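Following the hints, position chain R against chain S.
Protein chains: 2
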Amino acid sequence: MGANGVQEVNGNSTSNIDNGKSLSSTAPWCPPINIDNINPKVLECQYAVRGEIVAHAERLQQKLLQDPSSLPFDELIYCNIGNPQSLGQQPITFFREVAALCDHPGLLHKKEIQTVFSSDAIKRAESIVSSIPGRATGAYSHSKGVKALRTIIAEGIQNRDGYSADPEDIFLTDGASPGVHMMIRLMLRNKKDGIMCPIPQYPLYSASIALHDGTLVPYYLDESKGWGLEVSELKSRLEAAVADGINVRALVVINPGNPTGQVLSEENQQKIVQFCKDENLVLLADEVYQENVYADNKKFSSFKKIARSMGYTERDFSLVSFHSISKGFYGECGRRGGYMEVTGFDSDVKNQIYKMASVSLCSNLSGQVMMSLVMNPPKDGDESYELYSSERNAILSSLGRRAKMLAEALNKLERVSCNEAEGAMYLFPRIELPEGAMKAAQAAGMVPDTFYCKRLLDATGIVVVPGSGFRQVPGTWHFRITILPPEEKMPTIIAKLTSFHESFMQEFQG
Amino acid sequence: MGANGVQEVNGNSTSNIDNGKSLSSTAPWCPPINIDNINPKVLECQYAVRGEIVAHAERLQQKLLQDPSSLPFDELIYCNIGNPQSLGQQPITFFREVAALCDHPGLLHKKEIQTVFSSDAIKRAESIVSSIPGRATGAYSHSKGVKALRTIIAEGIQNRDGYSADPEDIFLTDGASPGVHMMIRLMLRNKKDGIMCPIPQYPLYSASIALHDGTLVPYYLDESKGWGLEVSELKSRLEAAVADGINVRALVVINPGNPTGQVLSEENQQKIVQFCKDENLVLLADEVYQENVYADNKKFSSFKKIARSMGYTERDFSLVSFHSISKGFYGECGRRGGYMEVTGFDSDVKNQIYKMASVSLCSNLSGQVMMSLVMNPPKDGDESYELYSSERNAILSSLGRRAKMLAEALNKLERVSCNEAEGAMYLFPRIELPEGAMKAAQAAGMVPDTFYCKRLLDATGIVVVPGSGFRQVPGTWHFRITILPPEEKMPTIIAKLTSFHESFMQEFQG
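If you read the protein sequences in the order shown, they are chains S and R.
Number 304 in the UniProt record's numbering belongs to position 304 of the first sequence; there are no gaps in the numbering.
Number 505 in the UniProt record's numbering belongs to position 505 of the second sequence; there are no gaps in the numbering.
Looking at chain S on its own, in the form it has when it is part of the complex (with noise of 0.2 Å):
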């Protein structure tokens, strides 16, 4: 018997006392690494909106798939992620059309092209290709991503803002996820060190913060205020936790609101960077549903403008913006492209961000050029641009309409209220559970928001998120529904999801 054999006879260690059961003939054999001796912050970190609904929904997905018949409907309906090609929206023909010569620069040699691709596309795909060193696609780039790509990044945030920005100060990633996770590592050493984020959040930030072994500082969103945010409310929650002996690093702001949809005003922006200034917090922009603003009233700023405004620069406020391809109106959430814009650190806390990156090497091309053309699109006079402003303009209305028709619908519900989505790609409606359904889902095993978005999925095939996978007021119930199913099929959705609930409240006010 082995070293690892030796030690298992002080049993100090639960992989050698694995390792003895294996060596045993008799025993059946434990694996070395088993759900009682992996990293507890693994398994402390959850993720609803792939969560246990999510894979109940693939496991009926797959009885449909054996018998089409065997459940009270014909398909799944995935609401439960903001994932907006997969619900049938088409991508942006221009952004494809650079992508695809991207990809095969040959092509960009063959004149039959001219007749299958659009010749801004083509002159846009050539000016890309010769700007990576050595035409070369297929390459590691620059850890930070193609400096040429981050220029124009940089510019379109320039255009964006009315305020500089820096090539070197943007970082590309594979979407807007493994920046928020470099950010959270970079800034939490243990469990001392918190971050500030929204509750309702988007369960990346727990995620991370859970994976780094930090805490989590909860500053709650007044739903009834359309899902305000208070400065009031940060000063006391912060106030709170360094009571609690909790260094608070960050404060996550998610603008527009998901799951919560809410656009943030100016006033209130200024206040909020205020807040950071004054407790020296960073801030954490989560600005990836800068495009999705539905609200007439409403309009995006991004937080680098609302601070720069106020005359705040880069050496005196800590911000970080993250943005994506995944959203907006071309929601290219497979292709992983997204960035940040690091403003407001010192240039060797910028090397160990980039000594990070450089760890995974670089993020995907194919991400790389999209969010260069997402921030660079057709101007009017090229020839895409009418096919392309016609694209955008087609979807980004009928989400607002989506938002709209399907905002009404559940606030028409028995004991359901909800808040318009000002933005984003989600409605966080509430729903007051009968005690029936309350002791039910106790009988049951199951959270209550769970349990009654489990039953809509087994009756209507709608898979939505509890708002439980968000956090919540302590006693409130909600879940988080996309607006993303294609317009014609909204009725449909609507009428199954109206007549569940009333059945469901019927069942359980009895």
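Hints are computed from structural coordinates only; laboratory data are not their basis.
Note that the structure is a prediction, hence the values are computed from the model and not measured.
All C-beta atoms in this analysis are idealised placements derived from N, C-alpha and C, irrespective of residue type, glycine included.
Careful, some of the hints might be misleading.
As the list claims (entries may be wrong) - For lysine-lysine, the following DSS-like pairs were computed, each having C-alpha atoms within a straight-line distance of at most 27 Å:
#1 K110/R to K123/S
#2 K192/R to K355/S
#3 K111/R to K123/S
#4 K355/S to K63/R
#5 K63/S to K355/R
#6 K192/S to K192/R
#7 K496/S to K439/S
#8 K350/R to K454/S
#9 K355/R to K191/S
#10 K41/S to K350/R
#11 K147/R to K63/S
#12 K192/R to K191/S
#13 K111/S to K110/R
#14 K191/R to K355/S
#15 K454/S to K355/R
#16 K235/S to K305/S
#17 K41/S to K192/R
#18 K111/S to K123/R
#19 K41/R to K350/S
#20 K41/S to K41/R
#21 K111/R to K110/S
#22 K41/R to K355/S
#23 K355/R to K192/S
#24 K235/R to K271/R
#25 K305/R to K225/R
#26 K191/S to K191/R
Said to hold, decoys possible - Derived DEER-like restraints, expressed as beta-carbon distance ranges:
#27 E126/R to K379/S: 30 to 40 Å
#28 M310/S to A495/R: 51 to 61 Å
#29 D67/R to S164/S: 25 to 35 Å
#30 E126/S to S119/R: 22 to 32 Å
#31 S119/S to G134/R: 21 to 31 Å
#32 A240/R to S164/S: 53 to 63 Å
#33 Q509/S to T313/R: 49 to 59 Å
#34 E52/R to H109/S: 34 to 44 Å
#35 G381/S to G134/R: 29 to 39 Å
#36 Q509/S to N34/R: 51 to 61 Å
Claimed, not checked - Not everything, but these chain R residues come out facing chain S in the computed CB check (under 10 Å):
#37 P31
#38 R50
#39 Q90
#40 F95
Coordinates of chain R only, in the frame set by chain S:
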């Protein structure tokens, strides 16, 4: 002053002391996150492949751009990283044709493409796109990757090994690195948990172990035996670690070796498998160079094949095999595609891996598609087969010639000895640095092999990585150089390297 300010009085928080500074009107602003208060695990993590030498090279590149005559060379030659296309290697045409069509499936309906794309590329793209739910190549996939692509990859593994592979065991990742990080995160609970790694090693492993707060348990490859891996060495290092109270959880084997280039014999692999079985360790098999074998008397066998041939199954042996689209003859580094095949873990542990994958949603689709092409290339009879084979063979045979050419040249240098590269993409020559060079390095405050590499870079523009970045037997000095520069450039590079080395020796042996 806010809550943090209040706490600052207690002075028990760096960030709040910073806060105090930032609030005082006279003192300069100190950012909340600075080099003295970031996560120490990040500081500890090192990744020399893109470390100080490469940073210096980038500065020189800028200098060269501003004034081409400012340096003793007219171009940087990046031999620091396995990035074939950055040095002019052309992509495999079939792979790029399919990639382009999957990126823009709209093309599949246009008949003009018949003249631009090969018929089997069109057929393959159509079959891939139609196997993706909703033909949505822009949608998030299942967190493990598109099921149909995992099925193709599993079939490829089965064809390679002659043993069955299960698509449910395949996790598609953005290159091999994220899979390695996921497994290391899963297994490491604290500093008392250890993972055995070869020395020299690819620094991804030491970086990931540092970031996840575990202990790297080194075992040494025997340079005098062609970087041989002796099981007796594994045993004694394991015993020593266990005696130190380390719970050793896994063994990392890189085959073919990086940076060392050895290809393990089947007999050697059997002993390694038996060692892991006896000690109940997870075997982490880094097999990303499986198609890079140049020695006539060597061939690659996967550890899965070896373990199965010994009668070990998923019910009694824990094995993770990592593969990537970045290496081989395709070298599609920038697309970030890879997979890990996870066998011999309980389903509840696999569910935890799935959850970790879900937190980042999915790997990028074009990387997923490319990985499926690598595992299922054109077959004899397909229109593209001839071109594919000629491209493949030209690249692999040239790599073999370059490996031999460069090793011979290095062995001619005074006080330099170099094992041949049986596989992979690197040579790892040993230099016996003269006393004078050691003193000069010390005076410059540099590690001796870093001093040598910096001198080489300043004199020739050739970028290599100091052996200390991979760890090495204390007191020995090496550097890693890729075999990737174009074959026609090799003589020039060898000449530059040789004349630099001679003058370096002259300077410091005097």
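Go ahead and decide if the range 25 to 35 Å is satisfied by the Cβ distance of D67/R to S164/S. Since D67/R and S164/S have Cβ atoms about 27 Å apart, the given range 25 to 35 Å holds.
Is K111/S close enough to K110/R, meaning Cα to Cα at most 27 Å? holds (16 Å)
So if I understand the rule, the pair passes when the alpha-carbon distance is 27 Å or less; does K191/R with K355/S pass? holds (22 Å)
Tell me if the interface restraint on F95/R is satisfied: Cβ within less than 10 Å of some Cβ in chain S. With Cβ-Cβ at 9 Å, under 10 Å, it holds.
Is K41/S within 27 Å of K192/R, Cα to Cα? holds (16 Å)
Hinted pair K147/R and K63/S, Cα distance within 27 Å: With a Cα-Cα distance of about 16 Å, the restraint between K147/R and K63/S holds, given a limit of 27 Å.
53 to 63 Å as the expected CB spacing between S164/S and A240/R, which holds or is violated: holds (56 Å)
Given a hinted range of 49 to 59 Å, is it respected by the beta-carbon distance of Q509/S and T313/R? holds (54 Å)
What's the verdict on K350/R and K454/S, does the C-alpha distance respect the 27 Å limit or exceed it? holds (23 Å)
Given the hinted pair K235/S and K305/S, is their Cα-Cα distance within 27 Å? holds (23 Å)
Is 51 to 61 Å right for how far apart the beta carbons of M310/S and A495/R are? holds (59 Å)
Need the status of pair K355/R, K192/S: alpha-carbon distance at most 27 Å? holds (25 Å)
Violation of the numbered hints given earlier is absent; every hint is satisfied by the structure.
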